[in-house]
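Sequences are here, hints too, so could you generate the full structure?
The chain contents come next:
There are 2 protein chains.
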Amino acid sequence: MLKGLMQDRPLLVSSLIEHAARCHPGTEIVSRTAEGLISRCTYGDIGRRSRQLAAALTALGVKPGDRIGALAWNGYRHMELYYGVSGVGAVLHTIHPRQFPEQIEYVVNHAGDQYLFFDITFAPLIERLAPALKTVKRFVAMTDRKNLPLSDIPNLLCYEDLIAEASADFEWPSFDETTASSLCYTAGTTGTPKGVLYSHRSTVLHAFALCAADSLSLSARESALLAAPMFHVNAWGVPYAAAMCGMKLVLPGPVHDGRSIYELLREERVTLALGAPYFWAPLFKYLDGMRRNPRKELSLERVVVGGIAPASELVERFATTFGARVTQVWGMTETSPIGAICPSSAMHADAPDGQIKQGRAPFGIEMRLVDDSGKAVAHDGRTPGHLLVRGPWVASAYFKSAEGSRLDADGFFDTGDIATIDEHGYLQITDRAADAIRSGDQWMSSVALENAAAGHPAVSEAAVIALPQGERPTHRLLVILPRTDFDVSREEMLLYLAAKLDRRWLPDDVAFVEQFPHTATGKVRKGRLREMFAEHRWPTA
Amino acid sequence: MLKGLMQDRPLLVSSLIEHAARCHPGTEIVSRTAEGLISRCTYGDIGRRSRQLAAALTALGVKPGDRIGALAWNGYRHMELYYGVSGVGAVLHTIHPRQFPEQIEYVVNHAGDQYLFFDITFAPLIERLAPALKTVKRFVAMTDRKNLPLSDIPNLLCYEDLIAEASADFEWPSFDETTASSLCYTAGTTGTPKGVLYSHRSTVLHAFALCAADSLSLSARESALLAAPMFHVNAWGVPYAAAMCGMKLVLPGPVHDGRSIYELLREERVTLALGAPYFWAPLFKYLDGMRRNPRKELSLERVVVGGIAPASELVERFATTFGARVTQVWGMTETSPIGAICPSSAMHADAPDGQIKQGRAPFGIEMRLVDDSGKAVAHDGRTPGHLLVRGPWVASAYFKSAEGSRLDADGFFDTGDIATIDEHGYLQITDRAADAIRSGDQWMSSVALENAAAGHPAVSEAAVIALPQGERPTHRLLVILPRTDFDVSREEMLLYLAAKLDRRWLPDDVAFVEQFPHTATGKVRKGRLREMFAEHRWPTA
Numbered sequence: 014m015l016k017g018l019m020q021d022r023p024l025l026v027s028s029l030i031e032h033a034a035r036c037h038p039g040t041e042i043v044s045r046t047a048e049g050l051i052s053r054c055t056y057g058d059i060g061r062r063s064r065q066l067a068a069a070l071t072a073l074g075v076k077p078g079d080r081i082g083a084l085a086w087n088g089y090r091h092m093e094l095y096y097g098v099s100g101v102g103a104v105l106h107t108i109h110p111r112q113f114p115e116q117i118e119y120v121v122n123h124a125g126d127q128y129l130f131f132d133i134t135f136a137p138l139i140e141r142l143a144p145a146l147k148t149v150k151r152f153v154a155m156t157d158r159k160n161l162p163l164s165d166i167p168n169l170l171c172y173e174d175l176i177a178e179a180s181a182d183f184e185w186p187s188f189d190e191t192t193a194s195s196l197c198y199t200a201g202t203t204g205t206p207k208g209v210l211y212s213h214r215s216t217v218l219h220a221f222a223l224c225a226a227d228s229l230s231l232s233a234r235e236s237a238l239l240a241a242p243m244f245h246v247n248a249w250g251v252p253y254a255a256a257m258c259g260m261k262l263v264l265p266g267p268v269h270d271g272r273s274i275y276e277l278l279r280e281e282r283v284t285l286a287l288g289a290p291y292f293w294a295p296l297f298k299y300l301d302g303m304r305r306n307p308r309k310e311l312s313l314e315r316v317v318v319g320g321i322a323p324a325s326e327l328v329e330r331f332a333t334t335f336g337a338r339v340t341q342v343w344g345m346t347e348t349s350p351i352g353a354i355c356p357s358s359a360m361h362a363d364a365p366d367g368q369i370k371q372g373r374a375p376f377g378i379e380m381r382l383v384d385d386s387g388k389a390v391a392h393d394g395r396t397p398g399h400l401l402v403r404g405p406w407v408a409s410a411y412f413k414s415a416e417g418s419r420l421d422a423d424g425f426f427d428t429g430d431i432a433t434i435d436e437h438g439y440l441q442i443t444d445r446a447a448d449a450i451r452s453g454d455q456w457m458s459s460v461a462l463e464n465a466a467a468g469h470p471a472v473s474e475a476a477v478i479a480l481p482q483g484e485r486p487t488h489r490l491l492v493i494l495p496r497t498d499f500d501v502s503r504e505e506m507l508l509y510l511a512a513k514l515d516r517r518w519l520p521d522d523v524a525f526v527e528q529f530p531h532t533a534t535g536k537v538r539k540g541r542l543r544e545m546f547a548e549h550r551w552p553t554a
Numbered sequence: 014m015l016k017g018l019m020q021d022r023p024l025l026v027s028s029l030i031e032h033a034a035r036c037h038p039g040t041e042i043v044s045r046t047a048e049g050l051i052s053r054c055t056y057g058d059i060g061r062r063s064r065q066l067a068a069a070l071t072a073l074g075v076k077p078g079d080r081i082g083a084l085a086w087n088g089y090r091h092m093e094l095y096y097g098v099s100g101v102g103a104v105l106h107t108i109h110p111r112q113f114p115e116q117i118e119y120v121v122n123h124a125g126d127q128y129l130f131f132d133i134t135f136a137p138l139i140e141r142l143a144p145a146l147k148t149v150k151r152f153v154a155m156t157d158r159k160n161l162p163l164s165d166i167p168n169l170l171c172y173e174d175l176i177a178e179a180s181a182d183f184e185w186p187s188f189d190e191t192t193a194s195s196l197c198y199t200a201g202t203t204g205t206p207k208g209v210l211y212s213h214r215s216t217v218l219h220a221f222a223l224c225a226a227d228s229l230s231l232s233a234r235e236s237a238l239l240a241a242p243m244f245h246v247n248a249w250g251v252p253y254a255a256a257m258c259g260m261k262l263v264l265p266g267p268v269h270d271g272r273s274i275y276e277l278l279r280e281e282r283v284t285l286a287l288g289a290p291y292f293w294a295p296l297f298k299y300l301d302g303m304r305r306n307p308r309k310e311l312s313l314e315r316v317v318v319g320g321i322a323p324a325s326e327l328v329e330r331f332a333t334t335f336g337a338r339v340t341q342v343w344g345m346t347e348t349s350p351i352g353a354i355c356p357s358s359a360m361h362a363d364a365p366d367g368q369i370k371q372g373r374a375p376f377g378i379e380m381r382l383v384d385d386s387g388k389a390v391a392h393d394g395r396t397p398g399h400l401l402v403r404g405p406w407v408a409s410a411y412f413k414s415a416e417g418s419r420l421d422a423d424g425f426f427d428t429g430d431i432a433t434i435d436e437h438g439y440l441q442i443t444d445r446a447a448d449a450i451r452s453g454d455q456w457m458s459s460v461a462l463e464n465a466a467a468g469h470p471a472v473s474e475a476a477v478i479a480l481p482q483g484e485r486p487t488h489r490l491l492v493i494l495p496r497t498d499f500d501v502s503r504e505e506m507l508l509y510l511a512a513k514l515d516r517r518w519l520p521d522d523v524a525f526v527e528q529f530p531h532t533a534t535g536k537v538r539k540g541r542l543r544e545m546f547a548e549h550r551w552p553t554a
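Chains A and B are the protein sequences, given in the same order. Following my numbering, the numbering of the first sequence begins with 14 at its first residue and continues without gaps. Following my numbering, the numbering of the second sequence begins with 14 at its first residue and continues without gaps.
Check the hints yourself; a few may be wrong.
[To be verified] A short list of chain A residues far from chain B (calculated; beta carbon distances all over 12 Å):
hint	residue
1	76
2	196
3	257
4	289
5	385
6	474
7	507
[What the hints assert, rightly or not] Derived pair list, reagent style DSSO-like, types lysine-lysine, alpha-carbon separation capped at 30 Å:
hint	chain 1	residue 1	chain 2	residue 2
8	B	147	B	76
9	A	16	B	298
10	A	16	B	413
11	B	159	A	16
12	A	298	A	309
13	B	147	A	76
What the hints contain is simulated information worked out from the structure, not anything from laboratory work. No residue lacks a Cβ here, since even glycine has one placed at the ideal position from N, Cα and C.
Encoded structure:
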């Protein structure tokens, strides 16, 4: 081999914020803080304060590889943690606050967090959990002295005091780009949360992918409302990619009601908004009750939705209400998360059943479909297979997991999804593998069945699970949460579906619940549903 | 250090074409061949044929690290060399055909090319040079058997025969991403050509930078005419970035007359065109003589110009003639080449003298200005300094150069340019270091002086050189090529300039020439000019 003669510069997270501070020093980061105020700062400020934070962490004895927990909303201090912690070679462990306290306790102890940073909203939670968090040396309230919570949190530090005492002359260390930069635990639709340990290299390459014109097309010309939470999968990597291109960020903090979000969109002239489908419900509800003209008052042009596939209705609604185009992103914690991107114009492209497709892989993600025996199946838009992914921002193993590598012989990671890919490369998720059932040689998509059921006016939410009847899952149960004040029977539902779907795709039974079990990220916990209906008595034919 | 747990996947050139072949198999590459025909193929075809070429090279005994020369126009076979040669770990050495034959002989021998691929246009040149090219084992004519040149080229192979005999089942090898992928010699405005040895890593990272929305915004939605030659600096990296995003490419081959280019723009519905300023002259000339309505007939929206800064007049002309926006790129062979990007809207931003700025560094390029002693100078848009650059796609040394590393203690490369950078990060090149002259503590920009002179109606081309009067360059000579049928005197020129510029910026003398010495890429060879005027007799005060 002959080595090239180009400069040997590692891809480091710290170089992202240094770039933004150098080339876009005046571009704003607007935050709604946990204290409830609107706070404005710039990339120049965040660059300086991240260096101060890095100096403070070093003074506290934080070493490369140490884990530092964060329990915080989207805001500028959280962003400083993204850069300050990873920048010294330590690992930022972002913690989902909507989990059960015992799950938070589990992940902090499993990660071995040495410091825990938190927004003051979470002071009561920290107070309660502190005795069980054995590895945490100090708790840091992300606020200034006058807003410091009066509480019995032991070893409490004040973020602004920490910063104020440190020097902005700190020089970022240089190290191997495969060094761990951040840690995020999977939401766990089934089983125990598992830690995905991102690297500086994966984070920077993923940021390049986000900035691409055919991807999220992030740009210094946009003002972006980042609603995807910074406590989960690094807010889709946007805090890194925004620094890469010098994009203005609007961070909504803990206040997600329709009116507050509307005002942020208007006041900050937001052109691009990014968040999961459920984030937007309060905004639409607020607008339903108001005589507002969003097209006139707002500058919103694009919305990126992810986490859960958007309903066609939501895509329509963004278009009619705001004149905004929707881009869908598909991915998972293990894919950093971008695995596929779909512009609204392509969502229904060639989908035989009119369902929304998840999009096309950007360069860096390779997808492969295989059958149960691991043999490749055709990318013809019809044949479903287990979806495997490979690439420099895809996980290879979980943090401190006894299982070791999760990759097959060719280096692919099994997503646990069943999907089709068409001849243009468009992915469509049809099932979770655990809920996939075959009829003869045909897979029957539970996603298609769920979507059909959700079209019934009385259905608020629908989920299909596969249950064993004997050894293998063979029976499918459609579980329905009816809308308040609506009534629908099992028979009516089956008749409704029979008119829409092939007979073989119909569920074996329909059940009704008063509440759905959800993960912290809003996904249906199908594992819990399967437990709830483990003893289900199937109708006899 | 704690290592992240992401997949260990190298950034390789072969993965770019595999991505395009997998996700954009039907997207077209349209070429005007050396044989004069229009040829259409797809990323699927180029993926397959690159693998065949790789198999053929392997069968010929080509080993990783071997250099393979290419003397060819922009076309699909040249693109197959980009992937097939680098994909096996060998190095594609692209050769500028507009150099003097002795320069071509020098670079082929210096590179040690083992095979030399050539378009049939260059058969006479190859025939003449072959005896002197000691390292070349076989010459490969990039054509099929029926167009094979009848000539005395020894050890001649036919490209299409080579491909036809090889298998498309070839599997790309995986290797370290710092492996050399391609080699390009600098045009040499002064001195001997120097080889820049790109790596797979630098090439893929540079492609990411090109696809960014704020950079060239390359996209699968565009149809792009690539006029930047593939024999120089990898055609700005576009053949790689186009595969990354699945962009349609239109490759004009050897036919650059206005009518042919216009027809390509129209027939292929070109939306984006990329090329040096001089490439467009025949097109504008053609349109001047025709009753055409380019805005109605064409789809051209954007033009990217580089190599030489465009004149304001050219930017205007693209806007008025085509309704097309101009993006300027600045860079050099040593920067892969993208060092800065400037949208037309920002070209004059805050430029006190109304001159065109070169743009802002993308993430990945760090710029620093220093004075003669190496001390950093302010980025205030006024203070010029030596421009240093650092980043993963910037060269660190030249191929087989005794000098070794060209980097300073902080890892920066000296571009040899004098420039300013404003507070928004916008670069403006004011001089080559060799032509920079100070008046007191002020640098006087020769670029500003050249631009002012070029504004005179009788001036076809203008260049400023610094010449010694004693030990250091202290005197500046303005060299002018007058337009045909125009007449202008030294005195008239000085009066004209005195009305536009500060007295201290005026040249010490004006000289006239009948022809300018140019490099193969169209830049003025100032080294040659300095030789020509070494004995210049300055006017006495």
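Now the hints, each set against the structure:
1. 76: violated, 10 Å
2. 196: violated, 9 Å
3. 257: violated, 4 Å
4. 289: About 23 Å separates residue 289 of chain A from the closest Cβ of chain B, which puts it past 12 Å; holds.
5. 385: holds, 23 Å
6. 474: It holds; residue 474 of chain A is separated from chain B by about 34 Å at its closest Cβ, greater than 12 Å.
7. 507: Fine: 40 Å to the nearest Cβ keeps residue 507 of chain A off the interface.
8. B:147 to B:76: Distance of about 18 Å is within 30 Å: holds.
9. A:16 to B:298: violated, 46 Å
10. A:16 to B:413: Between residue 16 of chain A and residue 413 of chain B the Cα gap is close to 12 Å, so the pair holds against 30 Å.
11. B:159 to A:16: violated, 39 Å
12. A:298 to A:309: holds, 18 Å
13. B:147 to A:76: violated, 57 Å
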